[in-house]
Each structure stands twice: as structure tokens, then as C-alpha cells.
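Each chain, written out:
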Amino acid sequence: MRGHAARAAAFVADEERTAWHDRSLWFVRERRDAASREVPEWETLRNAAARIKRHTLANLADHLEAFEANARALGASVHWARNAEDHNEIVLGILERHGVRRAVKSKSMLTEECGLNPFLEARGIDIVDTDLGERIVQLRREPPSHIVMPAIHLRKEEVGLLFHRELGSEAGLSDPTRLTGVARAHLRKAFLAAEAGLTGVNFGVAETGGLVVCTNEGNADLGTALPPLHIASMGIEKLVPRAEDLAVMLRLLARSATGQAITAYTSHFHGPRPGGELHIVLVDNGRSALLARDELADALSCIRCGACMNTCPVFRRSGGHSYAATIPGPIGSVLEPARDANAHASLPLACSLCGSCKDVCPVRIDLPEQIRFLRADLLRHPTAPRSRRLGLAISARVLERPRLAALLGALARCLAPLLPRRALGAWSRGRELPPLPRHSFRSLYRRGKRSPIDEAPRSTIR
Amino acid sequence: MSDAFRSDDRARILADVRAARVPDPGLPDLVVTDSAGNDRARQFAQALRAAGGTCIAVPDASEAAAAIRALPGFDTARRVVSELSALPSRHPGAPPKTPQDLANLDFALLRGLLGVAESGAVWLEPANVLLRAAAFLASEVALVVSHSDLVADLHEAYARIELGAAGFGCFVAGPSKTADIEQSLVIGAHGPRTLSVFLVEDAGDPRS
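Chains as they are written, first to last, in the working numbering: chain A, 1 to 462; chain B, 1 to 208.
Everything labelled a hint here was simulated from the structure, so no lab data went into it.
Where is the CB? At the ideal position from N, CA and C, for every residue including glycine.
Keep in mind that the hints are not guaranteed to be accurate.
If you want a taste of the chain B side facing chain A, the calculated C-beta under 10 Å gives, among others [unchecked claim]: (1) Ala19; (2) Val32; (3) Ile56; (4) Val58; (5) Pro59; (6) His155; (7) Ala157; (8) Ala159; (9) Gly164; (10) Ser184; (11) Gly188.
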């Protein structure tokens, strides 16, 4: 089975694009840094957010019941879906009851997770993603490569070509303002023709039964202000207990995501609009199972800001599609293998354990520790690459035996420089083998030398 | 699928969630920000500019109306939705009945209930579906906010908002925008291309 490394190889083959992708995401990371420094109580907010989410998870069933009761009291319908199939059937059922043929949808990673678009399209429903980046990847028939910036992997010329082919815009267009104008005219028609508006949910508020949806484009707002039917798909972990908790979350979310103080639109829905209907579909799809795993349950605190992706050295250089998962990057490398260990066995290995994701996470998820845990778990799994399992098994045996380790170390110091570089495998690509020291640390230590570092020049990384 | 089946799903999900034992750290104390020395109006204007909007300070409501009349294109605009009594709505032909009738709306003039200094966001609670749609469909949006309704941050904002009292409420910070094509910021993605906030020193009659 092709893993992350094999898929990343295709992306990094284009060095110029890899460097550009890396710079684009680092630019967003720097904007996040600047925005966070403007808030003196930033760390207090992160601590508060972490506690709010963990408190919510610890009492999730109670909060879900309160949320449902309050939402119903406001006139919303609340549906429960145990898995992706149930979610899709529920949404389809609502659309069919209203005779809906055309619907618009704002950004929702949950509906990506459930495969809602292909499901509805196969049943004759025209579903248009209205977030510009999502519309671009929908027209390309590919998944988003990033949860906040779905088309971050594409150049403007590629978007120009796509719009020329799919939307009939003039050939050779590559100016982002003019391309956005083309999309605006195209999507305006979809908004006006839509018979239903589908959205995701950024936060549900247990004590009020309301939903909060954040966008910069205003697409969730247009999609719910025009047609009278609103269907909101929501993971069961999306709740906060109180209205005031929104202040903490919203002050962190946009700053962490894009470096903005707040998104252009932060809409609060409490019940259906007059004469309309609001359906809330609460989805489990593996979340309760993850909640039961002590070491990993924290990952459900994620508010999907994408900061861990923007800072991750592996994500920046390998692109979101190399993860082959709905949620890529560090948080995806926890959520996806936790959901399906076989399909995503290579993801915990797509990490240098540098810890940068943990430093930027607004809800303080200990991603490196969770990835390390999953890595240990997966290497015990029968689908793990044999070479890795064998290597680790040999290392364990050798390191348990100090004399054997010393002997093999001495042997390696003599023989390693003579090996052809290919023998070192993928590691030798783009790297030189450092000059090896003549003496082992142990022999230097025994002789009382204080700075063995002098004898062992640092490796040079190209 | 039958409703009985669905209620089984609900019970099962709740039972699965209850079966997981997650330690509870308790809710944190309210975050209190020391904002006593801040010049809220200046902070608000700066934050709104950073979000692509414009803040214009005016002494009273009639000056706000005059300033809106002076906005480029307002004179000749054919379609205006307004909740300000000094500036009537305009619509050629029959008055709009559905949000779709506002498809080519030029201006939306709405009252903001709160302004948030740290982010330049204005809280709206449009009173009906037409006003709500207008806020997102119009090419140009002008909001009128009283200086005394400026709060330091979202903590203060939520302390003042009675969340859920209105079916729909929205923080609006700047015009519609996107950076989905190569991280290039483009103002006017789907919705409004401009947002002007008129900060009224002496609001007087709140309905004017």
C-alpha cells in the first residue's frame, strides 16, 4: 500500500512548487504569530480554551442533551447519525421531503468526511460548494488539500485554466481579483437558485441551543439567508457549554487560522428563520470511540483552525494531498489513524516530532505525544512496513546488550563510510553521511575527555 | 428509516459517549482583560481598517445620514434597503417580498447594536429575513453604531448580548473577502464589496 512518503514524492518532484507551497504556508504561520502577540492574555486564552473543551468532552452526553433540548425549544429539528452513511441518508431524506434539486453548501469538513457530495450527486441533487477554495477543488473533482485554505496547493494559472474550461471565462486569466470576480458571478446564480443551504458548524452552544458558523466570504450567510431550509451538519464534539465560552474560542480561532482578529462574518443561528426550517444533524462517526481512548481523546478538542498544518515542516513540504485523508497535517495524523488504522498507517510516520504543532495549537493538544503514541501502536500492527518492524526489533535486541552494542558500534565506525550511499535508503537522499568519529563516546568518556563533540563534526544537511 | 430506529441511534450515541471516562478539569474562570486605558474608538477604527472596512466618526444621527448620502454611488443607487428612518428604502417596481428579490441590491443601511474595539466587529440582529439577506447581498453596506455601544472585546460583547433572543445574529468585521487563490487578498468575494461603519458620538433617538 502506498504510504505518505510515496505520495509526497510526487509532490516534491516539483521543487519550485514545493518551495512556493512551503513559503505560502509559512507566511500564514507568521501572520498567526503577529496576531497572537497583539493579545497580551494569549496564553491565558489558550489555557481557558483547553479547559473549556476538555470540560465539554468530560460531560459531553449532558451537554449534548442540553443542546438538543434547547435547539428543539427554538424550533430546530435535531437528528442523530452514528456514522457517515446515516448522516448522508438523513440529509437526503430532508432534501427529498422538500423536493430540493439544487443546494448550496458552505465549508464543512464533516460533510467531506462523510462523502456527502458524491452521495447526493449520485441521487440527482446538484450540490454546489460555495467557499471559493472548495468550489475550485470541487470543479477539479479532488478533495481540499487544507482545511482552511482548500486550494492552497494550486497556482493562479491553474485556477484560470479551470475556470476557462468549467465556467467559460476568458482564456489565460490569472489575476486573483478577476478570477474571484468570475467565481462571484457564477456562485451568485447558485445562491439565488438554491432551494436549501447546507453548512458545517464551528461551535454549538449547549445552554442556548444555537450554532455559530464563521466565514470570510459570507457564503454561509448567503446560503442560509436566501433559501428557507437550512441543514447544519455537526460533529458531536463541536459544543461549548456557555455563550461566554464563544468569546474565548472566537478570539483564538481566526488569529490561529489566518492571523485575522476575527473572520469577516461570525453568524449565530438560534432556531429556524420565520417560515423556514433548521435541521441539525449530530454526527458520531467514530468520535465516541476516540473519546474512549485515554491517550487520544484530547484530539477531539480540535477547533479546526489549521495552525498545526501551517507550521508543520512535513505538511509545508509535502502538501495536503500526500496525507490522503479528509483532515491532513498533524491533527489529521492523529484523527485519521485513530478512525482507521489500516488506511492511514503511514501518517504518524509523516512527522519529525519537532513539536511546533503543539506550540501553536490554540487548545493545547499534545500532538507530538499523540503521534508518538500512535507510532508505537502502529508499528505493532501487522500492516506496518516490515523493514521498520525488523529494524526496531533488532535495535531493541542490540541496545539491551551493552557489549554487543559497543562491538557493533565499532564495526559501524569502520564500515559505514565504505558502504554505497544507496544502502542507507531514503535517508541518504539529499544528505551526506557525516564524517564518523574515530572513537566511541564510551571510550572517550573512559579516557576522561570532556568534549567529544570536537571530534565528531556535525552533519551537514543540504 | 423509522423514527424508532433513529431514537435508538440517539440512545446509542449518548451511551457510547457516557461510557468514555474523560477527566474533568472544570470550567475556567472568566477571562478578564484590562482595557481601562484603551481608546476604544481609535482601536475600533484601526481594527476595522485592518479588516478592509472604513470607520467614520460623526457627531449625531443626522450627520450620519448626511455622510451616508455622500457615499460614492448612493445618490444614483436604484436599490436600497434601510432600517434608518432618515434614509428610506428604494426599490423599482413592487416592493421586495423574498430575499431573492434583493439580488441586485446596491446598498444596505443597518443599525449595529455593538462594536467590538479589538476586532472592528459590529453585532447585527436583523429584525426580518429581508434585512438579514440585505446585509450579505448588498454591494455596499453601511452600519450605524453608537459610540456608547463600543465594548473592548468579545468577553464584554457576550456579556451584553442576550444570545438566542434573536433567531439570527452576526458579528460583521469588514466586507466579504477571500484569499483562496494564492493567498492574494480579494475584497468582495460573494457578498459586500465595501463596509462603512458610522460611529455616532451622540446617538440621541436610537430609532433615527
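Hints and how they fare:
Interface restraint check for Ala19 of chain B: the shortest CB-CB distance to chain A comes to about 6 Å, inside 10 Å, so the restraint holds. Given hint, Val32 of chain B at the interface with chain A, holds; its Cβ is 9 Å from that chain's nearest Cβ, closer than 10 Å. Taken as an interface hint, Ile56 of chain B does not check out: its beta carbon lies about 19 Å from the nearest beta carbon of chain A, beyond 10 Å. The restraint placing Val58 of chain B at the interface with chain A is violated, with a minimum CB-CB distance near 24 Å, outside the 10 Å limit.
A cut of 10 Å between beta carbons decides the hint on Pro59 of chain B: the least distance to chain A is about 28 Å, and the hint is violated. With a least beta-carbon distance of about 4 Å to chain A, the hint placing His155 of chain B at the interface is held under the 10 Å criterion. The interface hint given for Ala157 of chain B holds, since its Cβ lies 7 Å from the closest Cβ of chain A, which is under the 10 Å cut-off. Nearest Cβ of chain A to the Cβ of Ala159 of chain B: about 7 Å, under the 10 Å cut. The hint holds.
Interface restraint check: Gly164 of chain B against chain A, minimum CB-CB distance 4 Å, threshold 10 Å, status holds. Annotation: Ser184 of chain B was flagged as interfacial toward chain A, and the flag holds, the nearest CB pair being 4 Å apart, inside 10 Å. For Gly188 of chain B, the suggested interface contact is upheld, since its CB lies about 7 Å from the closest CB of chain A, less than 10 Å.
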